[in-house]
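If you want the building blocks of each chain, they are given just below.
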Amino acid sequence: MSYDLRRRLWAALLILGFFAAWEILCLVLQVSDLVLPRPTQVFATLAARFGILWPHVMQTLWTTMIGFVLGVTVGVVIGAAIGVSRTAYDTVYPLLIGFSSIPKVAVVPIFVLWFGSGATPAILTALAMCFFPIVVNIATGLATTEPELEDVLKSLGASRLDILWNVGLPRTMPFFFASLKIAVTFAFVGSVLSETVASNKGIGNVMMTASSNFDVPLVFAGLFLLAALGILLYVAFSLVEARVTGWATRRQGFASA
Amino acid sequence: MFPTQAIQQGHPSIASSIAVELSQAAVSFGKPGKTVAALQETSLRIAAGEFVALVGPSGCGKSTILRLTAGLLNPTRGAVIVGGREVGAKALRIGMAFQNPTMLPWLTIERNVMLPLKIVRPFRSGYRAKRRTEFRDRVHALLADVGLDKFANHYPWQLSGGMLQRANLCRALIHEPSLLLLDEPFGALDQFTREELWGTMQSLWLKRKPTVLLITHDLKEAGFLASRICVMSARPGRIIDDSAVDFPRPRTIDMTFDADFVALNQRLRDLIIDARSDAAIQGA
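Which chain is which? The protein sequence lines are A and B, in order.
In terms of my numbering, the first sequence opens at residue 1 and continues consecutively.
In terms of my numbering, the second sequence opens at residue 1001 and continues consecutively.
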């Protein structure tokens, strides 16, 4: 059996084992489904109420994606600016760190105050959550260009834009995609957070309503859906990453060849 | 194919012209009143087509001279004139290679070598105007000269250190620079690969005759490659010895064991050791 296959098998076994242990422990210790429903109950709820849950899934998904796309745009622009210019780095960075240290839960009520409840605060919270890792990664990627290479290019008469385009941006791509995977999960946290506080739609709202009705299996069904969406987007970005920045990881595969 | 060479052959007056001139150029760093001198007033003239090696104790300002010549650094005092113009004013046609080959990992060797053509005028307009096939032929011809023609479509991580350094030399030469600046390009290689690359460097130079300024710690390398060797004192540096090297070309590794060559080596070595101990006494 190849190493790769064995690794995947172990990963699958761990997940199955986790659910099995959960199920068995709940049965043995006779845990009430008001406290912790068994996985089988959660999956049964998911299947039974899928028709009702689906619009909420779509709501969370699109607010997350819009917030994510906006967050990536903002992140790339700011990251490129502070990665290229020392002045921009010195002036903008302290403010950014201050902003990113604010717990985003505290910002949601302000967004609600300004824009009302619903999709807008969810999008904005997703944006606020996800842009910072992108800024940091883009800036780091650009700032770590080898000085010798910069000298070579400058002596050829290259402008800063030439260097950014031919060297800076391509070498930042691995950092960028690594940050995308983090950012997309953060964007989820942001939109669900906002839905929990102020919305009548979305998985976050479903979970809030369900918990106030003591419909605990439905709360867990919401959790499972969020996990599934998170994994889906993570995998999607990993695939894009592998295609675009294969040069950064291919080294391992070819080392022995 | 190489217009600079054609001009040099046709007009001997231009061929013997001065390619690089440092006149009383000095560099110091730091704030006014608290400066650290990196280079004392230094004058150096390099004729077009000359191969000059710069040797000296480490930290003596060799790289400072190179950066001055490349226009990456402005002299605190004095002037640096390259190709008849003061540097810094306008982009020059210079090729540079460092110890670290800095090949871009996401491009093949061919495209790495082609990079200067994307940037340097007048090639960059040609690059946009789809003259790429012509450029590719040119890259392949150059890669063939250094024995890398089979590796044009390989990625940098598939090549050994010596091969990467060959590619680095190609990248420094692809835009036909009239001035080539080399900062210890063979410093990180093992002895046998290094000696092999001296041969490659020599034949590239004999074929194209660019003006070369080579910085090196290796006195044997300086003697093998250069037509002139300048020795620098310890920091803040200045040139303390300037001598022509007229062993016949093409030179061979066997030649480096001749008595004349060994004597030259010995003399350079003594100069540098003296320069180092002088600095130690001054420092104490």
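Simulated from the structure, these hints should not be mistaken for laboratory data.
None of the values given here were measured: they were computed from a predicted structure.
Possibly wrong hints are sitting among the right ones.
Said to hold, decoys possible - No more than 27 Å apart at the CA atoms, straight line, and that leaves these computed lysine-lysine pairs for BS3-like:
hint, chain 1, residue 1, chain 2, residue 2
1, B, K1207, B, K1118
2, B, K1150, B, K1207
3, A, K201, A, K104
4, A, K154, B, K1209
5, A, K104, A, K181
6, B, K1118, B, K1150
7, A, K154, B, K1220
8, B, K1031, A, K154
9, B, K1207, B, K1220
Against the structure, the hints:
no.	hint	result
1	K1207(B) <-> K1118(B)	holds (24 Å)
2	K1150(B) <-> K1207(B)	holds (21 Å)
3	K201(A) <-> K104(A)	holds (20 Å)
4	K154(A) <-> K1209(B)	holds (23 Å)
5	K104(A) <-> K181(A)	holds (19 Å)
6	K1118(B) <-> K1150(B)	holds (23 Å)
7	K154(A) <-> K1220(B)	violated (31 Å)
8	K1031(B) <-> K154(A)	holds (25 Å)
9	K1207(B) <-> K1220(B)	holds (22 Å)
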